[in-house]
Amino acid sequence: MADTAVVRADVFRETVNASKFGVIQKPLSTWERIYNINAVRKVAILIFLAVAWEAYARWLNNPLLFPTFGATIEAFYQAIFGGGLLGKAWTSIKVLLIGYSAGIALAALLTVFAITSRIGTDFLETLTSMFNPLPAIALLPLALIWFGLGNGSLVFVLIHSVLWAVALNTHSGFLSVSNTMRMVGRNYGLRGLSYVARILIPAAFPSILTGLKIGWAFAWRTLIAAELVFGVSSGSGGLGWFIYENKNQLEIPNVFAGLFTVIVIGLLVENVIFRTIEGRTVRKWGMQN
Amino acid sequence: MSAPAPLLDVKGVTLQYKTKDYLVTATYRVDFEVFQSDRFVLLGPSGCGKSTLLKAVGGYMRPVEGVIRLKGQEVSKPGPDRMMVFQEFDQLLPWKTVKQNVMFALTASGKLSGKAAEDKALEYIAKVNLDKFADSYPHTLSGGMKQRVAIARGMAMEPDVLLMDEPFAALDALTRRKMQDELLQLWDDTHFTVLFVTHSIAEAIKIGNRILLLSPHPGQVKAEINSLPRGEAESEAAKLLEDNIHKMLFADEVEEEAVRI
Chain A
1 MADTAVVRAD VFRETVNASK FGVIQKPLST WERIYNINAV RKVAILIFLA VAWEAYARWL
61 NNPLLFPTFG ATIEAFYQAI FGGGLLGKAW TSIKVLLIGY SAGIALAALL TVFAITSRIG
121 TDFLETLTSM FNPLPAIALL PLALIWFGLG NGSLVFVLIH SVLWAVALNT HSGFLSVSNT
181 MRMVGRNYGL RGLSYVARIL IPAAFPSILT GLKIGWAFAW RTLIAAELVF GVSSGSGGLG
241 WFIYENKNQL EIPNVFAGLF TVIVIGLLVE NVIFRTIEGR TVRKWGMQN
Chain B
1001 MSAPAPLLDV KGVTLQYKTK DYLVTATYRV DFEVFQSDRF VLLGPSGCGK STLLKAVGGY
1061 MRPVEGVIRL KGQEVSKPGP DRMMVFQEFD QLLPWKTVKQ NVMFALTASG KLSGKAAEDK
1121 ALEYIAKVNL DKFADSYPHT LSGGMKQRVA IARGMAMEPD VLLMDEPFAA LDALTRRKMQ
1181 DELLQLWDDT HFTVLFVTHS IAEAIKIGNR ILLLSPHPGQ VKAEINSLPR GEAESEAAKL
1241 LEDNIHKMLF ADEVEEEAVR I
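Those protein sequences? They're chains A and B, same order as listed.
In this text, residue positions in the first sequence follow the numbering used here: the first is 1, and each later residue adds one.
In this text, residue positions in the second sequence follow the numbering used here: the first is 1001, and each later residue adds one.
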């Protein structure tokens, strides 16, 4: 067979020694390194927002409608050291933690039931599609009749707001665990609860974490809204009550200080607690970038 | 020497699985026997049910007909006496380091615990030349390294039979050759029994000492032949054997094509 391609000789070359290169590795500049720190970038955004707030409020010049950032911080400071804001925040957080953990425990029960049997799956799916769209706050009037004016009704609506988000995410996380990984687990002779705990939960952890975050946010909103609606629970009001009370007295900087507290707690939980968990788990394992 | 009892005895095994619309017969009355220290290869084109057969030996599905016996015991569920090495790279648990992955197999199955498990894990990690990466997480390793960890994990369990489902199929050609050589070296070391699934004739001749040829749709035994002695995988005899196997596996197709013409 005639080869039509042009005939060429083999070519061999020597590679250049690495010492001849100008740059193989060079440390980043100080500015690049600072910019690479996550916290620095986030703080910069927060500072920008605070400056924008201050500028707009000064331009508007109506402290009754929109107090300046400075006035809010001052009210915040006063409220902490004179107005018992910390105590009120703690009251809210205590109720929140009770409702949140109870919701997670129930969600765990439901999902384990759902993955071990087909009727359990149907049960979870039906309940989720029924109750997930139902705003927790809509159940509050009913809860007040059932559990009275106190922490009981608050915990009830909190459970309702946490349960479905966490259960739905956990269940879909379990379903998306790869078949190979399941077979590996069964190969070791794992079954039942130890199979769930040692294979399914870690493998589905990214989804579970998302569920926990959404659940946390839902719980926080529901709680503040519930406190705004019926205020004092068992003698000492929470943050929602603090906001409501100050609005009635037209102490608008205090209202902003209350809202500010809600925001600060949200930022802390998201950026400190959840971020640490993420860093130690899914990021370290390469399941999330 | 009188004939020893087979380690793994597969008798008249028919396997079926359901898809959404069909009931598919994957293999039909397959028989073979694997003896101690065999490197037994299941070879066939895609669709001959060789992976399904391996899953049945692994205990992940039950035959509708026939029986699979390991050391005289009927296989009914997955267990650590038959360790699987899969083709996929995601068979390592991403939340555990290399060492923890190997250790977890030992501790979860209740075979060893504590220091003993750690020593055993490190011993086999060293065997696959990954000592330096014992504390790395799987996502930082290359595909070939992940497969080596999976092999180390399978061997550390010292199972009765190691089941390998095309473990090198997802690797590039150069790495694959290296891994084949390493697997043979490991076998020289410990003489483990392995049941190896592949669709590459050359790989079957290189790895196996005994080769089971399966025909497709549904898988049936076409032949059970001896491979060449070790070290002759590149010889003329190997080429001849390769051609022969190729003819046996694809004879029907050639006939079919001839009819069509």
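Be careful, since some hints might not be right.
Using C-beta positions, here's what the derived DEER-type ranges look like [unchecked claim]:
id, chain 1, residue 1, chain 2, residue 2, range
1, A, Ile263, B, Arg1177, 44 to 52 Å
2, A, Lys20, B, Gly1114, 51 to 59 Å
3, B, Asp1021, A, Ser129, 25 to 33 Å
4, B, Ser1136, A, Arg33, 21 to 29 Å
5, A, Arg118, B, Asp1021, 35 to 43 Å
6, A, Thr15, B, Asn1209, 36 to 44 Å
7, A, Arg221, B, Lys1132, 48 to 56 Å
8, B, Gly1114, A, Gly279, 41 to 49 Å
9, A, Phe113, B, Lys1096, 26 to 34 Å
10, A, Gly192, B, Asp1021, 29 to 37 Å
No lab work stands behind these hints: they were computed from the structure.
Even for Gly, the Cβ is constructed at its ideal location relative to N, Cα and C.
Hints, one by one, checked against the model:
The beta-carbon spacing between A:Ile263 and B:Arg1177, approximately 60 Å, falls outside the hinted interval of 44 to 52 Å. At roughly 53 Å, the beta-carbon separation of A:Lys20 and B:Gly1114 lies within the given 51 to 59 Å, and the hint holds. Range check, B:Asp1021 to A:Ser129: about 28 Å between beta-carbon atoms, so the 25 to 33 Å window is met. The hint said 21 to 29 Å for the Cβ distance between B:Ser1136 and A:Arg33, and at roughly 25 Å that hint holds.
The hinted range of 35 to 43 Å is not satisfied by A:Arg118 and B:Asp1021, whose Cβ atoms lie roughly 20 Å apart. Range check, A:Thr15 to B:Asn1209: about 42 Å between beta-carbon atoms, so the 36 to 44 Å window is met. Hint check: A:Arg221 to B:Lys1132, Cβ distance near 50 Å, so the stated range 48 to 56 Å holds. In this structure the supplied range 41 to 49 Å is violated for B:Gly1114 paired with A:Gly279, their Cβ-Cβ distance being about 29 Å.
Here the CB-CB span from A:Phe113 to B:Lys1096 is close to 27 Å, well matched to the stated 26 to 34 Å. Taken as a hint, the range 29 to 37 Å holds for the pair A:Gly192 and B:Asp1021, whose Cβ atoms sit roughly 33 Å apart.
In summary, the structure is inconsistent with hints 1, 5, 8 from the numbered list given earlier, while agreeing with the others.
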